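Please construct the entire structure, taking both the sequences and the accompanying hints into account.
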Amino acid sequence: CEGREMLVPLTESLYVPGRVKDANKVLVNVGTGYIIEKSTPKAQELIQRKIQQIGTNVEGLQQVIAARRKNLEIINMVFNQRVRQGR
1 CEGREMLVPL
11 TESLYVPGRV
21 KDANKVLVNV
31 GTGYIIEKST
41 PKAQELIQRK
51 IQQIGTNVEG
61 LQQVIAARRK
71 NLEIINMVFN
81 QRVRQGR
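Take the sequence shown: its position 3, counted from the start at 1, is 3 in the working numbering, and no numbers get skipped.
Treat each hint with caution, since some may be false.
In the DSS-like style, the derived pairs of lysine-lysine whose C-alpha atoms are separated by at most 25 Å in a straight line are [unchecked claim]: (1) K25 to K42; (2) K42 to K70; (3) K21 to K38; (4) K42 to K21; (5) K38 to K25; (6) K50 to K38.
Between beta-carbon pairs, the in silico distance windows are [stated by the list, open to error]: (7) E12 to I65: 44 to 50 Å; (8) A66 to E37: 38 to 44 Å; (9) L27 to N57: 52 to 58 Å; (10) K38 to G60: 24 to 30 Å; (11) Y15 to K38: 17 to 23 Å; (12) Y15 to R82: 55 to 61 Å; (13) A67 to S13: 34 to 40 Å; (14) V26 to G55: 53 to 59 Å; (15) K38 to A66: 36 to 42 Å; (16) L61 to G3: 41 to 47 Å; (17) S13 to K50: 20 to 26 Å; (18) Q44 to Y15: 56 to 62 Å; (19) I75 to V16: 49 to 55 Å; (20) Y15 to I75: 46 to 52 Å.
Don't read these hints as lab results, they were simulated from the structure. Everything numeric in this text was worked out from a predicted model, so none of it was measured. For each residue, glycine too, the CB sits at the ideal point set by N, CA and C.
Next comes the structure, spelled out in structure tokens:
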């Protein structure tokens, strides 16, 4: 991989050509603007942990969405009953 050409992101929409200097080290964005250097295996471990964390967050959000939908159904039932009673 060393010496291989690649596109390096400068911004979300601007890339410049570059070359891989050391394939055993990569820069990893760990959030809030912090970028750290890690070995390739350590970077892969970090990414796998992030993927698992995102999966857990998605599952939690799906449960919240399901509960909110159930609440919305109950609110709609009560609303429709009151509208019928008011006629």
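Here is what the structure says about each hint:
1. K25 to K42: holds (9 Å)
2. K42 to K70: violated (43 Å)
3. K21 to K38: Answer holds: K21 to K38 is near 14 Å, not above 25 Å.
4. K42 to K21: Within the cut-off at roughly 18 Å; holds.
5. K38 to K25: Holds, at roughly 6 Å.
6. K50 to K38: holds (15 Å)
7. E12 to I65: 44 to 50 Å: violated (28 Å)
8. A66 to E37: 38 to 44 Å: holds (42 Å)
9. L27 to N57: 52 to 58 Å: Violated, at about 24 Å.
10. K38 to G60: 24 to 30 Å: holds (28 Å)
11. Y15 to K38: 17 to 23 Å: holds (22 Å)
12. Y15 to R82: 55 to 61 Å: About 58 Å separates the Cβ atoms of Y15 and R82, which means 55 to 61 Å holds.
13. A67 to S13: 34 to 40 Å: Holds, at about 38 Å.
14. V26 to G55: 53 to 59 Å: Between V26 and G55, where Cβ atoms are some 23 Å apart, the hint is violated.
15. K38 to A66: 36 to 42 Å: The hint (36 to 42 Å, Cβ to Cβ) holds, given that K38 and A66 are roughly 37 Å apart.
16. L61 to G3: 41 to 47 Å: Check passed, 43 Å falls within 41 to 47 Å.
17. S13 to K50: 20 to 26 Å: Cβ of S13 to Cβ of K50: about 23 Å, so the range 20 to 26 Å holds.
18. Q44 to Y15: 56 to 62 Å: Violated, since Q44 and Y15 (Cβ atoms, about 23 Å apart) do not stay within the stated range.
19. I75 to V16: 49 to 55 Å: Since I75 and V16 have Cβ atoms about 53 Å apart, the given range 49 to 55 Å holds.
20. Y15 to I75: 46 to 52 Å: holds (48 Å)
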